[in-house]
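*Asks:* Sequence:
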Amino acid sequence: MKIVIALPHLTRLGGAARYAWELGEFMHDKKDEIIITSLYADDELYNSKKFKIINLVDRNFLPQSIKFWLNLSKIQKKFSDIIEDEKPDIILFNHFPCTLWAKKFKNIPVLCYPHDIELLFSDTYIKDLSFFTRTLWRIIRIFVQQYDKKRWKEFDEVIANSNYSAKTISQSYDVMPSVIYPGTNTSVFRPIEKNLDEKTILVNADNRVRRAHFALKNLKKLLHKRQDFKIWVVGHNPTYDRELKELVKKEKMEKFVTFFGRVSDSKLRELYAKAHIFLMLQRKQPFGLVFIEAMSSGTPVIACKPGAPEEVLNHGETGFVFDQYDGDEMNQFVERILDNPELSVSMGQKGRQRVEENFESTAQYEKLRNLMDSWIKKQKNIM
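In this note's numbering, the protein residues as written are 1 to 383.
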């Protein structure tokens, strides 16, 4: 099949961009022809000879810019021109803002597999903005939501990445999505033997939404009681890095905390596997690839509820979920593992098994590919 995958932008490693990229590589290996379109792709992070990458604009036109909104109609037209030129068998959209250029194309099925709709329906991603910008966006997004909802009517099918996401999508867009979980490569993210004498907690901090500050403030309380663990902070965001480092200095935690910044894929795999606990504390998480990457690496996960972690993890077996604002409860679960490091190993083994059975990337990509293939065949039968 020939497919166009529409993404918001490819400007950082991870998340929806990484998922779509790896899906594209999987489909290429199946002899499919892949075209990835987005507002802008950072070619230092994303480049490939396996498929075509088309930028709709450049870095100056990302959604937080006035230029984006002033040129939205031009962006929509360019995308339509790409479809006209490429004549794909199917189009797969991700989430806002690329959903703004969704439309019906003659004889081409149009599907949507959004990974996160929170940008448009909550304040999750705008808390770092200035008061003026944040207030302005809250007003503007009322109108953008209505426009986006109209665009969603163009989709032949919507697929959610979790049951939690399916529920929120249904509430926001009045559609009933099917559900296909994302997956991870269990041959890449593999367990190694843990050093039970050096207890470590890996904290995701690639942006403020991950709430590493919440994790550090509460882990500081544990350091008053015990000093038998280290904290590894991974992720790169210059503004947030400064905030976290200032927090660590203020709380006099320097000798217990190591900042790794942006790491290579191989280093990330090593950190996942060596850690005794993985913390990622985003509120209302729609899925979380990092959870299944850590579990595949044999490391138990501690995450927040409500959200998809409640269905991704088996609470008490492969990790723990706690009320999103209850730092004391989080610390109780952290201590349960610190008190018994062997628990990290046994929970990690169960987590690995859960990923192998439910979240193996090849099986999950195949489900999505089969769904797209069924839509292509359905369209051909109509013709």
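It is worth saying that the hints were derived from the structure and are not from the lab.
Bear in mind the structure is a predicted one, so any value in this text is a computation, not a measurement.
All C-beta atoms, glycine included, are put in the ideal place defined by N, C-alpha and C.
Heads up, a few of these hints could be off.
[Unchecked claim] Derived lysine to any residue pairs resembling SDA-like cross-links, with alpha carbons at most 20 Å apart:
(1) Lys-255 with Arg-269
(2) Lys-221 with Leu-247
(3) Lys-217 with Tyr-325
(4) Lys-2 with Asp-29
(5) Lys-149 with Arg-138
(6) Lys-106 with Arg-138
(7) Lys-103 with Phe-131
(8) Lys-220 with Trp-232
(9) Lys-250 with Glu-270
(10) Lys-199 with Phe-105
(11) Lys-245 with Ala-273
(12) Lys-2 with Lys-87
(13) Lys-380 with Leu-368
(14) Lys-249 with Ala-273
(15) Lys-255 with Glu-243
(16) Lys-2 with Lys-380
(17) Lys-217 with Glu-270
(18) Lys-2 with Lys-103
(19) Lys-2 with Phe-105
(20) Lys-221 with Asp-323
(21) Lys-49 with Glu-22
[What the hints assert, rightly or not] Pairwise CB distance ranges, derived in the manner of DEER restraints:
(22) Tyr-325 with Asn-163: 37 to 43 Å
(23) Asp-156 with Glu-198: 48 to 54 Å
(24) Thr-362 with Gln-145: 19 to 25 Å
(25) Asp-328 with Met-253: 14 to 20 Å
(26) Ser-187 with Phe-259: 38 to 44 Å
*Asks:* Work down the list of hints and note, for each, if the structure agrees.
*Replies:* Hints, verified against the model:
1. Lys-255 with Arg-269: At roughly 24 Å apart (the allowed maximum being 20 Å), Arg-269 and Lys-255 break the hint.
2. Lys-221 with Leu-247: Satisfied, since the Cα-Cα distance of roughly 14 Å is no more than 20 Å.
3. Lys-217 with Tyr-325: holds (12 Å)
4. Lys-2 with Asp-29: Holds. Lys-2 to Asp-29 sits at ~13 Å (cutoff 20 Å).
5. Lys-149 with Arg-138: At roughly 17 Å apart (the allowed maximum being 20 Å), Arg-138 and Lys-149 satisfy the hint.
6. Lys-106 with Arg-138: violated (35 Å)
7. Lys-103 with Phe-131: violated (34 Å)
8. Lys-220 with Trp-232: holds (14 Å)
9. Lys-250 with Glu-270: violated (29 Å)
10. Lys-199 with Phe-105: violated (55 Å)
11. Lys-245 with Ala-273: violated (24 Å)
12. Lys-2 with Lys-87: The hint holds at about 8 Å.
13. Lys-380 with Leu-368: holds (19 Å)
14. Lys-249 with Ala-273: violated (27 Å)
15. Lys-255 with Glu-243: holds (17 Å)
16. Lys-2 with Lys-380: Holds, at about 14 Å.
17. Lys-217 with Glu-270: violated (25 Å)
18. Lys-2 with Lys-103: holds (18 Å)
19. Lys-2 with Phe-105: Answer holds: Lys-2 to Phe-105 is near 15 Å, not above 20 Å.
20. Lys-221 with Asp-323: Satisfied, since the Cα-Cα distance of roughly 18 Å is no more than 20 Å.
21. Lys-49 with Glu-22: holds (14 Å)
22. Tyr-325 with Asn-163: 37 to 43 Å: Between Tyr-325 and Asn-163, where Cβ atoms are some 23 Å apart, the hint is violated.
23. Asp-156 with Glu-198: 48 to 54 Å: Hint holds: Cβ distance 52 Å, inside 48 to 54 Å.
24. Thr-362 with Gln-145: 19 to 25 Å: About 36 Å separates the Cβ atoms of Thr-362 and Gln-145, which means 19 to 25 Å is violated.
25. Asp-328 with Met-253: 14 to 20 Å: holds (18 Å)
26. Ser-187 with Phe-259: 38 to 44 Å: 29 Å Cβ-Cβ, so the 38 to 44 Å window is violated.
Comparing the model with each numbered hint stated earlier shows that hints 1, 6, 7, 9, 10, 11, 14, 17, 22, 24, 26 do not hold.
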